[in-house]
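Visitor: Protein chains in written order, with this note's numbering: chain A, 175 to 465; chain B, 32 to 347.
Hints may contain errors.
Below, a sample of chain B positions facing chain A; criterion: calculated Cβ distance under 8 Å [what the hints assert, rightly or not]:
| hint | residue |
| --- | --- |
| 1 | GLN124 |
| 2 | PHE169 |
| 3 | PHE176 |
| 4 | LEU182 |
| 5 | LEU184 |
| 6 | SER220 |
| 7 | LEU221 |
| 8 | VAL282 |
| 9 | TYR310 |
| 10 | PHE327 |
| 11 | ILE328 |
| 12 | SER335 |
| 13 | LEU337 |
| 14 | ASN339 |
Pulled from the structure, derived: some chain A residues nowhere near chain B, Cβ distances all over 12 Å [said to hold, decoys possible]:
| hint | residue |
| --- | --- |
| 15 | ARG201 |
| 16 | ALA205 |
| 17 | GLY217 |
| 18 | VAL269 |
| 19 | VAL365 |
Because the hints were derived from the structure by calculation, they are not lab data.
No residue lacks a Cβ here, since even glycine has one placed at the ideal position from N, Cα and C.
Now for the letters of each chain:
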Amino acid sequence: MAESTPPAPSRGDTLPKARFNLTWPGRIGAAIISFWLVVAVTGPFLAPFTLAEFVSDNGFAAAKGKILLGADYLGRDLFSRIVHSAWLTIGMATVATLIATSVGSALGIFAAIKGGWVDMVISRVVDTFHSFPTLMLGLVIIAALGPSAALLILMTGLIYSTSVFRIARALGMDITVMDFVQVARARGEHVGWILFHEVLPNAATPLVADFGIRLSFSILFLSSLSFLGLGVQPPYADWGTLVRENMPGLVGGSPASVYPALAIASFTIGLNLVADDFAASSGRAIAGKIA
Amino acid sequence: MLKLILQRLAIGILTLWLVTILVFVGTQLLPGDVAQAVLGQSATPEAVAALRIEMGLNQPAIVRYGSWVSGLLHGELGNSLANGASISGLIGQRLPNTLLLAGLTAMLVVPAAIGLGLASAMYPESVFDRAVSVVTMFLLAIPEFLLATLLVLVFAVQLRWLPAISYVSEYRSLEQLARTMALPVLTLSLVLLAQMARMTRSTILNILSSSYIEMAVLKGVRRHRIVFRHALVNAMGPIANVIALNLAWLVSGVVIVETVFAYPGLAKLIVDGVASRDYPVIQSCAMIFCAAYILFILLADIASILSNPRLRQRRD
């Protein structure tokens, strides 16, 4: 049958062209994110000292000359350690968020298209995981399997995929009742086609806005675990680890633990500023769904 | 309506049951043998075998699950693997501290957040509203431990007004208690305040955009009368929903704050438990946290059912 019909101009949609202008806060956010991405990639080559090099005999030595932010609790250069651990902090969270977004949106839209008992079973399972406080779920899983980097990434991705699932399903529900999806169903397209060519392109912008928010959640979550001593293990370190190990200096007035925490905060604030612009351009209706 | 509430209650209990399975399976997944882990690598095989029997590890998992759940229901939580102390005793010491921290925070934040949210919703896009929106966005985007460390640097190190670490057991007077609790409560409160004020604002704005409010505006009713007589009455339910959801957030919020200030609460107990793989402690604490969380979510659901006439009157 397909051969006899004239070639249709196009079946389904391609991604709509991104059309939004960044506001000033959004531009600042984009600049902060770009800055840290550059640091993450080039940092290991540019940092004045290595991760484990000692620059002082005293822990928490004050900033002086080449030692921009002072020494950490063992006398290593804090600035270099922040620069060196940027890629791990940002990389782990990014991979985790990619997992969350792809698994969550594929499952969510699939559930919306299928409906019926398939939707019910998936939703119930997701709801159960969602009824765990995120940090508790993380603690139980880490207690069981130990904090390896691969596990931390996979775990974070799966935990946040439950939130993405809810948004994607809600978006999918709205889109699957549209005429063009009904037409595709009537044409006899299979679920995969409808998911990737009919529904997903129309849900893309809010899902991208959600990606930004989700990435900032992932960074905060992974840093919190590291801060509790249950995240990335030595000799590796992320920004959360740096905050944790320098905490003892705080009582003595050393700001060493504040700098890596500021690094985390600047990145997550940047993400929020950009995501706000995205959410604004994709309609405020979406904001309600994200909350 | 009653049917709908009972339905939610049933779902809550079902979820709690699924959570017990998840927690149990999770803590049984420990790679290697728990008995081996407790005794260390140098233990003789005989000692490990004896401990396995003592801990009941030779029984099938389903039997162990059954006895764990029945123990939970009877309040028999077993003993800590790390130091052999009774877990009920440990929790008895720590739980009041956590409840004190969370309770004080809630008492401070709930009225403040509703006031702030209401004020920003009454004058949307005003300078005040924008300022609140920016400040709360920053507070929510930064990690809790940054806020905590900054507060310590300012109030404990620079000004020397408050202690940096909160050993609650040391207090003797009410004043001392207040000083010890001040920084942990302040940290938690700022984050909770930001979250709750934002949610309250959007809830009220949502109601202010409904058609009966437009009607009142067209009739010429004054602004504060619209907000207090028309909107606020209808916002009670949604706001109760917001309060319950945010109290649920406190369940994970206390974890970081208790760790920063070395506050001897339940969260500190579970974090230490995870570090030393003390699985009976993890199981019990995780169940308490999850039960509290599910309870608050349930209360949030019930609040929105009670406040929505369409749900309240539903016949089916």
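Visitor: If a hint holds in the structure, say so; if it does not, say that too.
Guide: Hint check results:
1. Of the supplied interface hints, the one on GLN124/B is violated, with its beta-carbon coming no nearer than about 20 Å to a beta-carbon of chain A, more than 8 Å.
2. Checking PHE169/B against chain A by beta carbon gives a least distance of about 6 Å; that is within 8 Å, so the hint holds.
3. The closest approach between the C-beta of PHE176/B and any C-beta of chain A is roughly 5 Å, which is under the 8 Å cut-off, so the hint is satisfied.
4. This hint is violated: LEU182/B has a C-beta 11 Å from the nearest C-beta of chain A, more than the 8 Å allowed.
5. Hint on LEU184/B holds. Least Cβ distance to chain A is approximately 6 Å, under the 8 Å limit.
6. The beta carbon of SER220/B is not positioned within 8 Å of any beta carbon in chain A (closest approach about 19 Å), and the interface hint is therefore violated.
7. With its C-beta approaching chain A no nearer than about 14 Å, LEU221/B sits outside the 8 Å limit, and its interface hint is violated.
8. For VAL282/B, the interface hint holds, since its Cβ comes within 8 Å of a Cβ in chain A; the closest pair sits about 5 Å apart.
9. Nearest Cβ of chain A to the Cβ of TYR310/B: about 7 Å, under the 8 Å cut. The hint holds.
10. Annotation: interface hint on PHE327/B violated; nearest CB of chain A at approximately 10 Å, more than 8 Å.
11. Of the supplied interface hints, the one on ILE328/B holds, with its beta-carbon coming within about 6 Å of a beta-carbon of chain A, less than 8 Å.
12. At a threshold of 8 Å, the smallest CB-CB gap from SER335/B to chain A is about 14 Å, leaving the interface hint violated.
13. Among the interface hints, the one on LEU337/B is violated; its C-beta lies about 21 Å from the nearest C-beta in chain A, farther than the 8 Å criterion.
14. Taking 8 Å as the C-beta contact cut-off toward chain A, the hint placing ASN339/B at the interface is violated, the least distance being around 16 Å.
15. For ARG201/A, the condition that its CB be more than 12 Å from all CB atoms of chain B holds, with the nearest at approximately 16 Å.
16. The beta carbon of ALA205/A sits about 16 Å from the closest Cβ of chain B, which is more than 12 Å, so the claim that it is off the interface holds.
17. The claim that GLY217/A is not at the interface with chain B holds, since no C-beta of that chain comes within 12 Å of its own (minimum 21 Å).
18. Separation of VAL269/A from chain B is adequate, the least Cβ-Cβ distance of about 20 Å exceeding the 12 Å criterion.
19. With a closest Cβ-Cβ approach of about 28 Å to chain B, VAL365/A is found to remain outside the 12 Å limit, as its non-interface label requires.
When held up to the earlier numbered hints, the structure conflicts with 1, 4, 6, 7, 10, 12, 13 and 14 and fits the remainder.
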